[in-house]
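**Student:** Listed here are the chains, written in short residue letters.
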Amino acid sequence: MHPYKLILLTLFLSFAFLATSKASANCEQSCSLKSVTEQVREHALLNQFKQTKRIAILSKPLVSTGYLLVSDELGVVWQTSQPLKGTIVIENDSLKQFNKHDQAVSAPANSNQQASQLITSTFLAILAGDFEQLERNFSAELICDETQWQIQLQAKHDDMRRLLTDITIIGNSNIQQLIFSEANGDTTELVFTPFEDPATEEALGLYFVR
Amino acid sequence: MSVKLSTKPKALIWLIFILLTAGLFYKQLSSSTGFNIETNILNLLPDTEADPFAEEAFAQFSDKNFKQIILGIKTNKDTDFQPLAQSLITQLEQTQLIDRFNTQITESEQQAIAELVFEHRFHLLNEVDRKLMYSAGAEPFIDDSLQILYSPLSGQLLNLMPEDPLLLSYRYLQNSVSQNQPSSQAQIVDDLMVFSQPDHNLVILSALLKRSPFDTETQDRITETTNNFASSHPDVELLTTGAVFYAKYAAASAKSEISTIGVGSLIGVILLLIIAFRSVAPLFMTLTSLAVGIFVAFTVVHYVFGSIHILTLVFGASLLGVAVDYAFHYFSSAIHHSKPLPHIFMAIVMGLISSVIGYTALYMAPFPGLQQMAVFCATGLVGAFLTVVLLFDTFRYKVSTPLAFLSVLKKHHSVSQKLTHRYVVVSLLVLPILAGYLLLTADQNNDNIRQLQAAPAELIEQEAMLTQITAAPATNQFFLLRANTSEQLLDTINQFDTQLDQLVTDNVISSYSHLGHFVPSRSQQEADYQLIGQQLTLSNLQPLFDVGILNQQTFADLNRAYRTSHTNYLQLPEWLQSPIGQRLSYLWLGNIEGKATSIISLSNIKNIHLLEQLAEQNPNLYFINKVDKISQLFTSYRELATYMLLLACLAILILLLLKYNLLIACHVVLAPLLAASVAIIMTILVTGSFNLFSTLALFLVFGIGIDYGLFYAEAKTRSIYIHLAVTLSATTTFLSFGLLSLSETPAIHAFGLTMLTGILTVFLLSPILGSRIYHIKGLNHA
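Protein sequence lines correspond, in order, to chains A and B. Using numbering that gives the first Met the number 0, the first residue of the first sequence is number 0, and each one after it goes up by one. Using numbering that gives the first Met the number 0, the first residue of the second sequence is number 0, and each one after it goes up by one.
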């Protein structure tokens with residue numbers, strides 16, 4: 000065995016844990032994680048997003064906007080368009096990233112494999128609407144009213160708590176808002192708006208076949 | 000020594016001889032190392048490289064490589080492999096024989112690697128980034144940093160940016176990942192390396208043993224652990240490879256063969272003696288001579304070589320068949336002489352001398368394995384001979400041979416006599432010509448190191464599968480590069496990359512690895528340091544000021560860090576200390592003969608010829624190919640041994656001429672010559688080739704054949720008892736070597752087969768040629 004390869008592989012993120020559990024299809028409209036999962040699955044397609052990162056070491060927040068395309072079969076395309084174009088494509092077991100010239104760049108990673116894995120799997124589970132998967136790492140509390148639901152996720156164990164303390168997800172037929180809070184006080188807020196534009200949808204869809 | 004000494008002083012001399020041997024035996028036993036039974040087949044071989052430097056380099060490399068084991072746990076898709084792998088890891092760790100698992104890396108080790116790269120971030124650029132920086136400056140790097148910054152997945156990289164705004168350390172690490180991934184199928188799942196296949200998962204564990212794979216305890220405990228694991232998880236397939244598994248198998252089969260061959264021929268000898276002499280005294284005396292022979296041989300070989308190889312013991316077990324000749328001749332003679340020794344003394348002295356001549360020729364081959372065997376056989380024979388000469392006369396024997404037994408012999412003898420015609424003998428001379436022709440035309444490609452080791456197909460298959468899937472570096476073929484200093488070495492090592500990359504593209508090898516991939520040369524690091532410095536300007540980094548990652552303070556800190564680290568090059572010793580360096584330390588051989596030496600390892604080699612070509616084009620580059628070198632060596636020793644045998648044959652003939660006339664001498668030599676010819680012909684017909692080990696068997700065929708001829712040449716009268724001695728000797732030899740041909744080790748099998756046919760021929764020929772000798776000597780019919 001070539002040890003170096005092994006070492007670096009361990010450093011390398013594994014995104015293989017995105018297997019989404021299929022929710023039951025004939026579930027009633029009610030206030031349960033199952034039904035919310037179902038709703039999000041049915042409706043999510045193209046969204047515009049606005050991301051606001053508030054980071055302790057930065058005096059002003061980092062604001063960016065872009066598009067999110069979720070396809071049940073193919074995966075997720077996350078494209079930041081402002082202030083700098085960049086695209087992340089998540090398929091079942093792979094993650095690709097493209098720069099502003101649409102050239103492939105290596106996937107983000109850092110030296111803490113386990114941490115990165117937790118963050119990505121959490122993030123992707125949310126985007127894919129797989130709230131049941133989230134229950135592995137978070138205790139979930141669901142509040143519903145006539146127009147909206149809100150899921151409060153609290154980290155269950157220390158490994159997670161060191162990275163993300165809690166997550167708030169607000170939505171109706173779609174996810175509308177997402178807030179991550181990190182242990183060091185950093186927060187990331189994402190606001191989604193459904194967006195109907197076949198041209199954008201097609202352009203984003205092309206990333207799946209790159 | 001004199002035959003005329005009376006029996007008591009002779010027995011006393013024998014006793015002193017035994018005591019001296021015992022003293023030597025005890026001295027070694029009580030030494031700090033005790034007895035050393037060697038099982039590493041490489042230690043049987045001579046140095047294959049003309050250049051001692053290359054030999055030393057190979058020894059160092061194989062020493063590290065031999066300690067490596069790779070295990071593959073093959074499970075169904077739906078099986079949870081995590082607890083399985085963990086239990087195997089735990090069990091292996093409990094043996095306390097594992098130095099470390101290369102496939103597992105602790106979090107603190109990961110941290111150490113990241114810190115090392117971060118520490119030298121102003122000196123390290125991968126090739127792609129270097130080109131990019133030369134052509135496009137800082138902009139693409141800043142863009143990537145910004146993109147990561149705005150990405151929802153930026154994680155902890157953000158905190159790195161003030162100190163490493165171009166994320167150079169991260170990029171360097173990242174690039175190495177994509178360059179060194181064994182295959183896209185490999186994933187890391189919960190710290191385990193998993194290859195996901197369509198119908199199964201394969202978890203790979205790689206570990207380094209603490210001790211040599213030839214250490215008996217390591218062999219036993221490691222294989223016991225893997226066997227237990229395999230038997231307690233029948234639904235899981237465990238694949239294993241590593242020198243330790245081969246060594247264990249070979250040692251186990253050699254040990255069982257020593258006992259079957261040893262016990263088998265012992266039983267044969269016992270039965271024959273009881274039947275032939277109708278007395279147990281000859282049995283005890285013969286066994287005593289054998290025991291003394293083996294005891295002396297073992298002691299002397301261990302004393303001379305410092306250890307004894309297990310294969311020497313296997314061959315030594317067959318010494319039984321030869322050493323009993325003297326005892327048999329003594330007791331056959333004892334049937335009608337009350338003092339048999341004077342009647343046979345000359346015959347067995349001549350026999351001993353001619354055998355020793357043969358073994359001396361064998362000893363001259365610069366081949367430690369052959370030398371050990373030559374010393375073992377020669378000293379063993381001397382021990383047995385001295386026992387016969389000094390001890391046997393101490394007792395009186397009442398021996399007789401059953402008439403039925405004698406009548407069978409007489410019949411055989413009279414049938415043989417009918418063939419004792421000059422023309423028959425002359426026509427037999429066609430055999431050596433045919434044998435010579437076959438030798439020259441037979442397949443020459445059977446001199447392979449695998450001949451020396453019994454290796455089951457299963458192990459070979461698993462090795463092929465595991466090395467292929469993990470792209471493990473080849474252990475017997477690699478490039479060697481040397482330079483005056485390690486600095487010079489790192490300067491030159493990258494110059495072969497273009498050619499090596501081409502070989503990868505052409506699918507000659509699947510990958511290669513060398514130090515240059517990890518520790519750039521000083522001049523490269525200096526150039527990269529300057530290049531990076533040019534990018535860290537206020538205007539280049541402005542976008543990071545805009546988002547607030549950098550400010551006046553952090554920018555000043557960054558510049559100070561850059562300036563103060565100017566001479567902080569990544570150096571070889573530092574890298575070797577790191578967790579990566581420790582795992583890859585086999586790439587660095589250190590100073591050999593005053594030269595810095597390193598290795599370029601190669602994986603999945605498909606075409607050796609092209610690799611040899613590359614080395615020929617570059618004077619500093621050596622291609623080491625141990626397997627082929629050993630095969631070439633075997634071939635040259637086979638040729639050498641053949642010449643030595645012819646030479647020995649000539650020497651024996653000259654010796655015989657001192658005592659007999661030309662015709663008798665020729666007849667004595669003729670039997671083994673013809674027997675060797677038949678053995679060569681039969682072995683080539685059966686196995687398709689005649690290898691080094693068959694050639695070695697010819698030495699024994701010669702030694703034994705000469706003995707038989709001498710028994711006849713020394714006879715004063717025609718006597719059936721000579722034929723009795725020859726028959727007994729041939730039968731026991733036959734028994735022991737017949738069993739050798741059953742050996743699983745190909746070398747021993749070939750040896751046994753040649754012995755079998757050779758001895759059979761000698762046995763059939765000796766009464767024919769014996770009668771010719773009687774005729775020449777003018778002895779009348781009995």
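Calculated from the structure, these hints are not laboratory results. Treat the hints with caution; some may be incorrect.
So, partial list: chain B residues that the calculated Cβ filter (under 7 Å) puts toward chain A [to be verified]: (1) Gln146; (2) Tyr149; (3) Leu662; (4) Ala664.
All C-beta atoms, glycine included, are put in the ideal place defined by N, C-alpha and C.
**Student:** Going back to the hint list, which numbers does this structure go against?
**Tutor:** Going through the list in order, the structure violates hints 3, 4 and respects the others.
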